[in-house]
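Protein chains in written order, with the numbering used here: chain L, 1 to 314; chain X, 1 to 454.
Check each hint, because a few of them may be wrong.
Unchecked claim - Partner residues are not named here, just some residues of chain L that face chain X (Cβ under 10 Å, in silico):
{"#": "1", "residue": "THR68"}
{"#": "2", "residue": "TYR148"}
{"#": "3", "residue": "ALA180"}
{"#": "4", "residue": "THR260"}
{"#": "5", "residue": "PHE280"}
{"#": "6", "residue": "LEU297"}
{"#": "7", "residue": "ILE298"}
{"#": "8", "residue": "PHE300"}
To be verified - Cross-link-like lysine to any residue pairs, in silico, SDA-like; alpha carbons within 25 Å at most:
{"#": "9", "chain 1": "L", "residue 1": "LYS261", "chain 2": "X", "residue 2": "PRO436"}
{"#": "10", "chain 1": "L", "residue 1": "LYS261", "chain 2": "X", "residue 2": "THR442"}
{"#": "11", "chain 1": "X", "residue 1": "LYS284", "chain 2": "L", "residue 2": "ALA272"}
{"#": "12", "chain 1": "L", "residue 1": "LYS261", "chain 2": "X", "residue 2": "ASP412"}
{"#": "13", "chain 1": "X", "residue 1": "LYS184", "chain 2": "L", "residue 2": "GLY153"}
{"#": "14", "chain 1": "X", "residue 1": "LYS294", "chain 2": "L", "residue 2": "LEU157"}
{"#": "15", "chain 1": "X", "residue 1": "LYS209", "chain 2": "L", "residue 2": "ALA272"}
{"#": "16", "chain 1": "X", "residue 1": "LYS294", "chain 2": "L", "residue 2": "THR170"}
{"#": "17", "chain 1": "X", "residue 1": "LYS90", "chain 2": "L", "residue 2": "VAL140"}
{"#": "18", "chain 1": "X", "residue 1": "LYS284", "chain 2": "L", "residue 2": "VAL141"}
{"#": "19", "chain 1": "X", "residue 1": "LYS90", "chain 2": "L", "residue 2": "ASP254"}
{"#": "20", "chain 1": "X", "residue 1": "LYS97", "chain 2": "L", "residue 2": "LEU295"}
{"#": "21", "chain 1": "X", "residue 1": "LYS209", "chain 2": "L", "residue 2": "GLU159"}
{"#": "22", "chain 1": "X", "residue 1": "LYS74", "chain 2": "X", "residue 2": "THR373"}
{"#": "23", "chain 1": "L", "residue 1": "LYS261", "chain 2": "X", "residue 2": "GLN268"}
{"#": "24", "chain 1": "L", "residue 1": "LYS261", "chain 2": "X", "residue 2": "ASP222"}
{"#": "25", "chain 1": "L", "residue 1": "LYS261", "chain 2": "X", "residue 2": "SER91"}
{"#": "26", "chain 1": "X", "residue 1": "LYS97", "chain 2": "L", "residue 2": "GLY153"}
{"#": "27", "chain 1": "L", "residue 1": "LYS261", "chain 2": "X", "residue 2": "LYS74"}
{"#": "28", "chain 1": "X", "residue 1": "LYS294", "chain 2": "X", "residue 2": "MET314"}
{"#": "29", "chain 1": "X", "residue 1": "LYS196", "chain 2": "X", "residue 2": "THR373"}
{"#": "30", "chain 1": "X", "residue 1": "LYS284", "chain 2": "L", "residue 2": "LEU295"}
{"#": "31", "chain 1": "X", "residue 1": "LYS284", "chain 2": "L", "residue 2": "LEU53"}
{"#": "32", "chain 1": "X", "residue 1": "LYS184", "chain 2": "X", "residue 2": "ASP412"}
{"#": "33", "chain 1": "L", "residue 1": "LYS261", "chain 2": "X", "residue 2": "THR373"}
{"#": "34", "chain 1": "X", "residue 1": "LYS294", "chain 2": "L", "residue 2": "ILE149"}
{"#": "35", "chain 1": "X", "residue 1": "LYS284", "chain 2": "L", "residue 2": "GLY153"}
{"#": "36", "chain 1": "L", "residue 1": "LYS261", "chain 2": "X", "residue 2": "ILE194"}
Source of the hints: derived by calculation from the structure; they are not laboratory data.
Even glycine gets a Cβ: it sits at the ideal position worked out from N, Cα and C.
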Amino acid sequence: MKVSLPVPARSGWLAGRRAQARDKAPPGEPRTIGYLYLLPALLIYGAFVLLPLGHSVLLSFYEWDGITEGTWIGLGNYQELITDAQTRAAFLHALVLILFYSVLPVAIGLLLAALISRTDLRGLTWFRTILFLPQVVPLVVVAVIWSYIYAPGAGPLNEGLRAAGLDGLTRSWLGDFSWALPSVGLIGTWVQYGLCMVLFIAGVQKIPTSLYDAARVDGAGPGHEFLAVTLPNLRNEIAVALTLTIIASLRNFDLVYLTTKGGPGNATSVPAFEVYNQAFEVGQVGFASAIGVVLALIIFAITGVVNRIAEGKQ
Amino acid sequence: MSSGRLSMRSLSALLALSLTVVACGSVTPGSSDNGGAQQPQSSSTELPKEDVTLTVWDQEVRGGQNAQIEQLNKEFMDEYPNVTIKRVAKSFTDINKTLKLAASDDNPPDVVQANQGRVVMGQLVTGGLLRPLDDYAETYGWAERYSPTLLELNSFSADGDQFGTGNLYGLPQVGEIVGVYYNKDKLAELDLTIPKTFDEFVDALETAKQAGEIPIQFGNLDKWPGIHEFQAVQNEFAPKDYLRQFVFGLGDVSFATDQNAEAASVLQQWVDSGYFTPGFNGVKYDDASAAFTKDEGVFLITGTWQAPLFGEEMGKNVGFFLMPPAQSGDDPVALGGEGLPFAITTGSDQPAAAAAYIDFITNEHAAEVITQTGGLPAPKGAPSVPSGTVLGDIFSAWEQLNATDSIVPYIDYATPTFYDTITASVQELMAGRVSPASFVDTVNQDYADFMESR
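Start from the sequences, fold in the hints, and give me the full structure.
What follows is the structure in structure tokens.
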């Protein structure tokens with residue numbers, strides 16, 4: 001049975017125009033309806049990400065201990081963040097860690113990718129797995145193992161140096177004011193290079209072999225080949241690797257918390273550790289929020305610049 | 001272009017929405033009804049006749065601690081059949097981080113373990129979330145049960161501003177002292193006896209060093225152990241009353257004193273003389289303890305909480321003494337304290353039953369149970385344990401300190417940021433990066449800032 005739906009009377013010039021417009025509109029119009037489909041996800045995202053984010057921003061304008069009534073102090077927390085030498089040092093340490101968490105892993109990753117993709121080795125998968133392993137090990141385990149490696153007395157690093165007759169180089173790695181930060185940083189390098197390597201190997205496999213053939217015909221050696229073919233074609237992968245590792249370096253908390261607790265002195269304190277410390281140990285929730293907000297802004301800014309450079313040159 | 005503008009509009013709408021939601025929930029964080037001066041609803045110590053349930057948050061989760069609290073809970077319920085204990089066990093870290101939220105809930109736990117000091121207990125008192133226990137203290141005679149310092153550590157003025165005085169907010173089950181553990185065989189090999197004066201102790205360090213031993217086993221990677229080394233030496237120079245005044249923020253005291261600078265310079269000399277484990281700032285506390293049990297090191301300065309471990313690993317080869325006084329025959333003074341105190345929340349509707357519970361787990365019988373499970377009961381007149389063991393040494397040291405009221409509190413209670421400041425500064429001092437004079441100035445800056453902000 002055919003049901004005829006009641007058709008609204010189209011009377012007058014305006015209604016006619018509107019109906020005409022709807023008929024002519026491309027499928028999917030009106031566009032605003034799309035937002036209705038986004039709503040469920042948006043609500044969850046809003047409740048668990050945007051709302052807490054907004055709340056943190058709000059808290060950063062208060063002096064608040066977590067219990068009693070907070071006091072609005074405007075930009076006071078941000079002012080303290082700039083004037084407090086210890087907090088400034090924490091941000092500086094985070095920037096130094098970018099070198100170890102990001103620049104070095106990308107360099108090592110490139111080298112390994114270049115080597116692995118050129119050779120036709122037996123058991124290549126096995127080597128790749130071994131090299132990727134640090135990325136898979138839980139960070140708590142990583143921290144415990146490296147604390148042991150760095151231990152001044154019977155730690156394998158110092159033992160090794162002594163065995164090699166390099167007694168002068170042995171030191172209390174995590175307890176030395178100059179060496180603690182690089183030591184923590186190198187753990188990060190060890191964790192991150194596997195990720196970079198895997199990204200780059202995948203990228204290399206996409207490069208047409210004809211490009212390599214052409215380079216070889218032109219008489220390029222392995223070095224030239226890498227610079228002229230591999231590197232430019234990996235630009236996107238490098239951008240992704242840099243973004244991921246820079247974020248990891250700036251929000252680094254676990255390795256510092258598990259190895260040095262920010263010591264010796266404050267030589268390895270980093271912003272994320274300060275957020276935790278201020279909020280839960282000292283009870284300055286407002287100041288902790290301000291550090292978190294600034295950290296988030298810095299991460300946005302640096303990753304934004306990295307991606308702009310990567311896209312801009314293409 | 002138009003869709004871009006649209007998304008901007010909806011984004012700002014969303015932001016406005018979230019801000020409204022936040023605003024509805026009150027923009028200003030925290031509770032505004034400061035119940036600092038709030039009177040307890042009921043002062044009756046009479047236990048309820050009807051069935052009641054007490055929710056208790058404790059952090060007695062490890063070995064012997066867990067055994068004693070479970071036994072005492074069971075015995076309490078046997079004695080008061082109408083009271084049911086609902087135990088919520090959390091780790092120390094967890095309880096510290098969730099307590100503030102729980103205590104400000106409409107239906108908070110009745111009894112909680114609230115850590116001493118300004119950061120946890122002080123802020124809970126300021127927020128009016130803990131109930132003063134003075135009325136119950138009078139009924140049950142708690143003042144006679146403990147030495148004064150142990151109760152002062154759990155006392156605050158009603159507004160939470162003055163520490164160490166005013167209302168009593170909690171009672172501890174166990175005590176702790178920081179003293180010197182020693183390896184008996186090593187001491188005998190070096191032809192040494194337990195030092196009677198501080199100078200004798202320093203001589204012993206030198207003898208041990210000459211013999212190629214590690215005089216003091218020490219690991220300070222965790223930052224907090226440095227407090228023990230510093231205060232062990234500080235007690236030789238700074239009087240105990242000064243330290244109490246300093247920690248509780250009473251009167252016009254400073255950290256930049258000659259005594260503190262002298263203590264700092266002695267500690268630095270010890271480092272220069274090689275009296276500590278090489279590279280101690282990079283050695284873990286647990287690794288140093290483990291090395292001590294493997295006969296590496298003659299002495300180790302730490303708290304009584306390590307006694308079960310050392311006793312188990314070293315048997316009769318380990319002993320414990322208090323850092324000896326400057327003059328032979330003087331009373332030794334030691335850094336010490338107590339386990340986390342049990343407190344009652346303001347929101348508890350069963351304060352009388354809660355007080356009876358706290359009394360029960362800290363009374364004489366409880367002390368015996370705690371002793372049997374390897375703990376050091378906080379109250380005076382602890383049950384005796386066999387002498388010749390490390391626990392025997394510790395129990396008699398505790399008795400002595402209580403009898404002469406010679407326990408001084410941890411200095412990191414002094415200000416909310418003091419833990420950070422003192423641990424980092426001791427690491428710098430012991431690494432020789434700062435002079436004793438600049439060490440006391442840096443630490444004093446933290447103290448002066450806090451006193452000014454109050």
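Honestly, which of those hints from before does the structure not fit? 6, 7, 8, 15, 26, 27, 29, 30, 31, 32, 33, 36
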